[in-house]
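J.: One letter stands for each residue in the lines below.
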Amino acid sequence: MIDVVNYSKLYGEFRAVQDLSFTVSPGDVLGLVGPNGAGKTSTLRALAGILQPSGGTIHIDGIDLVQEPVRAKRRLAFIPDEPQLFEYLTVVEHLRFMGKLYGVRDTEARIGPLLVELELDQKRDALPSELSRGMKQKLAIACGLLHDPAALMLDEPLTGLDPVGIRRMKETIAARARAGTAVILSSHLLHLVEELCTRLLVIRRGQRVAYGSVDEIVRDRPELAGASLEDLFIALTS
Amino acid sequence: MWYLTITSARNRLKSQAARLRQPRYLVALVLGIAYLYWALGAGMRDEEMPFSQLAAKPQVPLIVSAVLLLTSARWWLARADRTALAFTPAEVHLLFPAPVSRRALVHTKLLRGQAAILLNVVIWVVLLRGGAATIDGWQRGLALWVLFSTFTLHRLAAALVRLNASQHAGAGRRRAIVPLVIFAAMLTTVGGLLWQARPALSLAWSFGAGDVARVLGETLQHPAARVALAPVQALVGPVFATSPTDWLQRIGPALLVLALHYLWVVRTDAAFEEAAVEASQERLKALARMQGTSLDAKRSKKGGVARTLPLPTFGHPAVAVAWKNATAAIRGGGWLKQIGLFFVLFAGTIGLLRWSTGMPTGALIGLTSVWGIMLMLLGPQWTRFDLRLDLRDLTSLRTLPLSGRAIVTAEVVGVSLLHAITVFAFLAVPVLFATFDATVRADVLELTGAPWPWLVALLLLVPAINLLTFTVQNGLALLYPAWVQLGTDRRGFEAMGQTMLTMGITLVGGAVALVFPLVLGAALWFIARPWAGGWAPVVGAAAGVTMLLVEVIPVWMALGSVLDRTEPGDVPGQLA
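Chains A and B are the protein sequences, given in the same order. The opening residue of the first sequence carries number 2 in the numbering used here; numbering runs sequentially from there. The opening residue of the second sequence carries number 1313 in the numbering used here; numbering runs sequentially from there.
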């Protein structure tokens, strides 16, 4: 579903990401982890079509993101860590806007259940300035989910959510994966990664240092057997 | 504080220099320097330039002083201008809790404003070139620096006085009384004299702009006006100096006014910190509102959100982008309110002039046409609900499942059509006058044949010309995002030079692009006259508009490719 081969990103002389390759299949939840400045955001942004890769190829649902960006973007959703919303559109108008952009035929029918799922049904006519940080995050996620993306990328999705919201969000992500969506989740919250992700991609200084399920990673590094994910992370990235 | 200011300025210069690695920035800079060299060198000694002729007229400095006084009135009459006080989030978070005196904070604010002032001094020295046959460029530059710096201080002081008065009841109001009384006295003196002169001004109007300027000059020569305008005239004087000796005599009083303003601001800093934090928080909110505009009434008092246009269920997905911008203009930009206010003010002015001076319909038609054309040309500076707004959040823009071409087209077309409604409404007024006012109908019919075909021609021409001017503005923003102001923040008087420069480029670019459409349109109008009769203007307009679209559409395609290659790192000040 998401195929990345030798992806590289240069900023002038600086190599932010170098020859990164990985695959996320339908139903998989890939945890993208690494220390600050490792290249996670550059990778996620390239996968969302925001940044142009300096090298390599990215395919979303078999479509080359560089060659056919519009077709590829119709099949993905990117939810940034800092929700950016249109301040002059209400909650429901945001969803109508996204429905039109993504060519969703039954937008109105989808809006109701989605608002209920994300506990936004009481706020359907609210403007973003009237929403809390967590509500804004939920709206950004609702915008991303409306068109049933084949690939879903989330950057720190739990920021600003209350405990109930966190539980709901985790359920939503897991449900999407069960429905066949390929999910990439970037987070520093290792317990979230451990709970939700089927596989891990650990990067450091723009390079892949580990990739696979925890068992597969431990198989390659037997000295890490029995270590917690936190210890694993520190050992792999330090 | 010096360290912060100087290091920030140095690093900013470095990052600007790094941008010159991109050919388009380098080409623009080379062209700009070549123009400056010509303007400040060869062009400076040209006594035939319009400014030297203007500077030679004694009434011009007086009129400029009155305009500046009336312009600055909004800082006192409108609600406190908090943007004058705003600091950056980093300054609020790091400087305000630090052991730094209020005075040092004021100085930081003033020093930071100098970058914009100096840039605009250079722009204005170039714009006013030609008068340098009388004084050197550096002398005019210094005079302009004193003028801009004083007005920046005045704006800051006005904001502080207003906030002092509103937030600190007893003492704050007492401190505000003296400056408020002085400014009100200056304003009412000048305003009153101009009001008394309205019959003479109305008469002069029928003879042309030169006579209007002469009457204005005579009115402002009144001793009371001269006293009221004295501080402003002291500032404007050196800019219009006729010789180095004259400049030397005039620069002293100007520097004195500047020094007095500086002392005023420094002594009014009592409520500065609190007001500045509040202003900065407001600015942060405004940034979060995607650079929200000054008109910020998204909900009515009853709690309802302003109604917007329905989102079309048919058509290309990019229509959604145009709809989003129209909604932002209606809700955030108060577009409907602006139109309403504009018309009420205009109708009021016209009614008042007609009632008090008996202004003839012909003059009213002329006035309305001028206003409409001005709105068409200046509108793109004000109505910024397009790429200039959305580039601040390029990350979101780039995730949309739309090609760069589709995004650019939607951004330009949406705002152009919205603005076209305003302009068309204005330009239609003369046609309606001509149709329903018997006193001019015969003259207009003789001149135009029939008014209604002209209305149809306008219906075609206005959106097309708007498409052109908004294309230039959006093109500049996309090609030079580091040099063009993005968002819809209000800017101070000192940034007027940059605004005029952008407007100048738009007008020149627009004029060049209009050559072929105008020639084609005029030719077809002439050819069509024998068989189309009164409808020949429509034929000409249709041909001109077609030609204009042939020019503009490839530009959108090219700009779309630029957008596809632009990354968030290329655009400074991203929201996320």
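Please note that a few of the clues may not be correct.
[Claimed, not checked] Calculated cross-link-like contacts (lysine to any residue; reagent style SDA-like; alpha-carbon spacing at most 25 Å): (1) B:Lys1649 to B:Gly1799; (2) B:Lys1649 to A:Asp156; (3) B:Lys1649 to B:Gly1660; (4) A:Lys124 to B:Leu1431; (5) A:Lys124 to B:Gly1529; (6) B:Lys1326 to A:Lys171; (7) A:Lys171 to A:Gln208; (8) B:Lys1369 to B:Trp1507; (9) A:Lys137 to A:Ala151; (10) B:Lys1326 to A:Gly13; (11) A:Lys171 to A:Pro27; (12) B:Lys1369 to B:Arg1619; (13) A:Lys137 to B:Trp1507; (14) A:Lys124 to B:Leu1380; (15) A:Lys137 to A:Val117; (16) A:Lys137 to B:Leu1389; (17) B:Lys1326 to A:Arg16; (18) B:Lys1326 to A:Leu11; (19) A:Lys171 to A:Gly181; (20) A:Lys124 to B:Ala1618; (21) A:Lys171 to A:Thr24; (22) A:Lys171 to A:Asp156; (23) B:Lys1649 to A:Lys171; (24) A:Lys137 to B:Leu1380; (25) B:Lys1649 to A:Ala127; (26) A:Lys124 to B:Arg1510; (27) B:Lys1369 to B:Arg1510; (28) B:Lys1369 to B:Arg1386; (29) A:Lys124 to B:Leu1623; (30) A:Lys137 to B:Lys1649; (31) A:Lys137 to B:Arg1510; (32) A:Lys137 to B:Ala1618; (33) B:Lys1649 to A:Asp126; (34) A:Lys171 to A:Tyr212.
Note that these hints are calculated values from the structure, not bench results.
J.: Of the hints given before, which are not true for this structure?
T.: Hint check: 2, 4, 5, 6, 7, 12, 13, 14, 16, 23, 24, 26, 28, 30, 31 fail, others pass.
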